[in-house]
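If you're matching them up, the sequences are chains A and B in order. Using the numbering used here, you'd call the opening residue of the first sequence number 1 and step up by one each time. Using the numbering used here, you'd call the opening residue of the second sequence number 258 and step up by one each time.
Do not rely on the hints blindly, as some may be mistaken.
Not everything, but these chain B residues come out facing chain A in the computed CB check (under 10 Å) [unchecked claim]:
id	residue
1	G342
2	S346
3	R350
4	A351
5	T426
6	I456
7	R459
8	E460
9	P463
10	R464
11	G480
12	R489
13	E492
14	L505
15	E506
16	P512
Here are the simulated DSS-like cross-link-like pairs (lysine-lysine), alpha carbons at most 30 Å apart as the crow flies [to be verified]:
id	chain 1	residue 1	chain 2	residue 2
17	B	K319	B	K400
18	A	K109	B	K366
19	B	K469	A	K211
20	B	K439	B	K400
21	A	K211	B	K400
22	B	K319	A	K73
23	B	K330	A	K143
24	B	K469	B	K330
25	A	K143	A	K99
26	A	K99	B	K366
27	A	K182	A	K73
28	A	K109	B	K338
29	A	K212	B	K457
30	B	K469	A	K99
31	B	K330	A	K212
32	A	K81	B	K319
33	B	K338	A	K81
34	B	K457	B	K468
35	B	K366	B	K356
36	B	K366	A	K143
37	A	K143	A	K109
38	A	K81	B	K457
39	B	K356	A	K81
40	B	K338	B	K319
Because the hints were derived from the structure by calculation, they are not lab data. Backbone N, C-alpha and C fix where the C-beta goes; we use that ideal spot for every residue, glycine too.
There are 2 protein chains.
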Amino acid sequence: MFDAFMRMGPDELGEEMVAAAALIPGCFDALRDRAVASNVWYTRISDQLVAELVGGRAEMRKGEQTRQEIIRKAAPIFNQKGYAGAALSDLMRATGLEKGGIYRHFSSKEALAAEAFDYAWRETLHARIHDLDTISNTVDRLKQLVANFVERRGTIPGGCPLLNTAIDTDDGNSVLRERARKALRGWRSYLISMINAGIKAREIRPRVDAKKLATLIISSLEGGIMVYRLERSEEALRGVQAHLDSYLETEVRAPSN
Amino acid sequence: MFDAFMRMGPDELGEEMVAAAALIPGCFDALRDRAVASNVWYTRISDQLVAELVGGRAEMRKGEQTRQEIIRKAAPIFNQKGYAGAALSDLMRATGLEKGGIYRHFSSKEALAAEAFDYAWRETLHARIHDLDTISNTVDRLKQLVANFVERRGTIPGGCPLLNTAIDTDDGNSVLRERARKALRGWRSYLISMINAGIKAREIRPRVDAKKLATLIISSLEGGIMVYRLERSEEALRGVQAHLDSYLETEVRAPSN
C-alpha cells in the first residue's frame, strides 16, 4: 500500500489512503487543508519517472537530486549523533561536499536536520508497514507490525529516528520537536485506524480502546529499542514482542464463535 | 531502605543490601571486588555528618562541597541538553563559576558528565524506590514502583536520565554509555531480586520469568516517558501504568488459596 500510495497524486486518494497519509510527516495536515504540495507525493518516485516529469529541465533536476542526496547522507549522521552532536565536519565528510555546497540547498542546519528526520522516519515506517496489506486479519496484521518493528531495525543507522529525535529535542529545538510530534501523531493515527477497522470487522473485541492500545504498542516497542540499543542485545525487544503477541491474542482478538 | 543503606559502611551490609547496591552505579562492582571506596557510601550523608567525619579539614571539605555543588548543578544541564548540547557557557551559567573553576575539579567534560549522570540517576532512583519497603506484598510493591515512576518524574529536570543518556550515547561516548549500561543493569537487578523474593514468598506465580518481567516493566515505562516528554501529556504513561497493573494482577500475582 505504501509504495502505491506514494506514487499517487492527491486526486486518486481514497479514505484509506487519507488515513495512511497520517504516517507521512506533513502529508496529513496538507491533505486536511486541501492544499497538497505535489512535491511531497513524488519524493519516492523512481529516478526514471522524475526524468519524465521534469522533462528537459536538467539543471533543476540535478539540483534537486543533490539536495535529496545530501538529505539521504545526512540522515544517519543526525540519527546517530543527535542535532547538537552532528558537526559540520561530519556532514561534509558524509556528503563529500564543502560547507557552501551543503548550505546552498538548505537555509540552516536546522532545516537540513528537519528534512533528514522526515526522510529517516519515512524510510523507517516503510520498513515497518510496507507488507502489512497482504495480511487480511487485523490482529495478525498488528502482530506482523510488531515483528517488523523488532526485525527491521537497521533501515537508518542509529536506531529509531522518532525515539532519538524525541529525546534529543524534548527540551530544546522546537522545529525538530514539532516534526517528531507529527511523526508520533501520524504513527499512532495509523495504528488507531487499523484497530478501529478491526473492531468494525469484528476481528477485535468491541471494548478495546484503540488509542490506548496504539499507545501501549508504541511505548513498549520504543522502550524496548532503548534497552536494545544500550545493551546491543535483542532480548528486551523479543520480550516486548512476546508480551504484545500474547496480549493481542488473549485480550484483543475477538473470540471466534 | 535506600536512606538507611546509603548511611551504612560496607561492613554493616547484609545480602539484601548487596542486592540493593546493584542500584547505585559503581557500588555493585565495588562490593563484588571487596574494595569499597568509602566516599561512595557517604555521598548522601547530611552536611552535618560530613562535618563531623572530616573534622577540621575545612579546606578539603570546601573543595569537595564545591565539587558536589558543580555536579548537582550540571546534572539538569546534561539531562536536558545531552552531552554534545551542554555547552561550557551553560555549565558556567548554572554553576556561577568560570571555566577554570569548573575544570579544577574535573579532568574533562566527560568526567563531569559521568558524575552528573550518576548523581541524576541516584536521585531518580531514590524517588522511585525510597518508600517501597513499607509495602509487604511484592506485587503491591511492584505496583507502587510503577506508580512512583509515573508520578515522581521531576526529580531532575529533563526526563529520565537513563533514557536520555542511553539514547544520547548509544552510538558514541563510551564512558557515559558504560555508566548508562551499569545503571540499567542495576535497575533490572533490583527488580529481578524483588520478583524472585516474591516467587519465594509465594506471592508471585512460580512460572513468572523474573528477568523478562523486569525488562518488560522497564521497557514499557521508559517508552511511555518518551511519549510523555514529547507530547507533554500523562496519557501514555497512565496507559502503561494501567496495563502493567492489570498484567501484574492477572498474570503475575499468585492466586490466593
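Item checked: Restraint check for K143/A with K99/A, where alpha carbons must lie at most 30 Å apart -> Judged against 30 Å, a Cα distance of about 45 Å means the pair is violated.
Item checked: Hint consistency between K81/A and K457/B [alpha-carbon to alpha-carbon, up to 30 Å] -> Since the Cα atoms of K81/A and K457/B sit roughly 45 Å apart, the hinted pair is violated (cutoff 30 Å).
Checklist line | Interface hint compliance - R350/B to chain A, C-beta minimum distance less than 10 Å | finding: violated (15 Å)
Check: Does the interface hint hold: is R459/B within less than 10 Å of chain A, judged Cβ to Cβ?
Finding: Because about 23 Å separates R459/B from the closest Cβ in chain A, which is outside the 10 Å limit, the hint is violated.
Next item on the list: For the pair supplied as a hint, K338/B and K319/B, confirm whether the alpha-carbon distance does not exceed 30 Å.
Entry: holds (29 Å)
Notebook entry, point to check: Is K469/B within 30 Å of K330/B, Cα to Cα?
Noted result: Not OK: K469/B and K330/B at ~36 Å, beyond 30 Å, violated.
Checklist line | Status of the hint placing E460/B at chain A (closest C-beta pair under 10 Å) | finding: At about 21 Å, which exceeds the 10 Å cut-off, the nearest Cβ of chain A leaves the hint on E460/B violated.
Item checked: When the least beta-carbon distance from G480/B to chain A is tested against 10 Å, hint result -> Holds, because the Cβ-Cβ distance from G480/B to chain A comes to roughly 3 Å (cut-off 10 Å).
Margin query: Given P463/B as an interface hint, is its Cβ closer than 10 Å to any Cβ of chain A?
Written below: Hint violated; P463/B Cβ to chain A Cβ min 18 Å, cut 10 Å.
Notebook entry, point to check: Should the interface hint for G342/B be scored as holding, given a Cβ-Cβ cut-off of 10 Å against chain A?
Noted result: holds (4 Å)
Margin query: Next item in the hint list is E506/B. Is there a CB on chain A closer than 10 Å to its CB?
Written below: It is violated, given that the least Cβ distance between E506/B and chain A is near 13 Å, above 10 Å.
Note to self: So if I understand the rule, the pair passes when the alpha-carbon distance is 30 Å or less; does K469/B with K211/A pass?
What the structure shows: holds (26 Å)
Hints 2, 3, 4, 6, 7, 8, 9, 10, 14, 15, 16, 17, 22, 23, 24, 25, 29, 30, 31, 32, 36, 37, 38, counting from the list given before, are not met by this structure.
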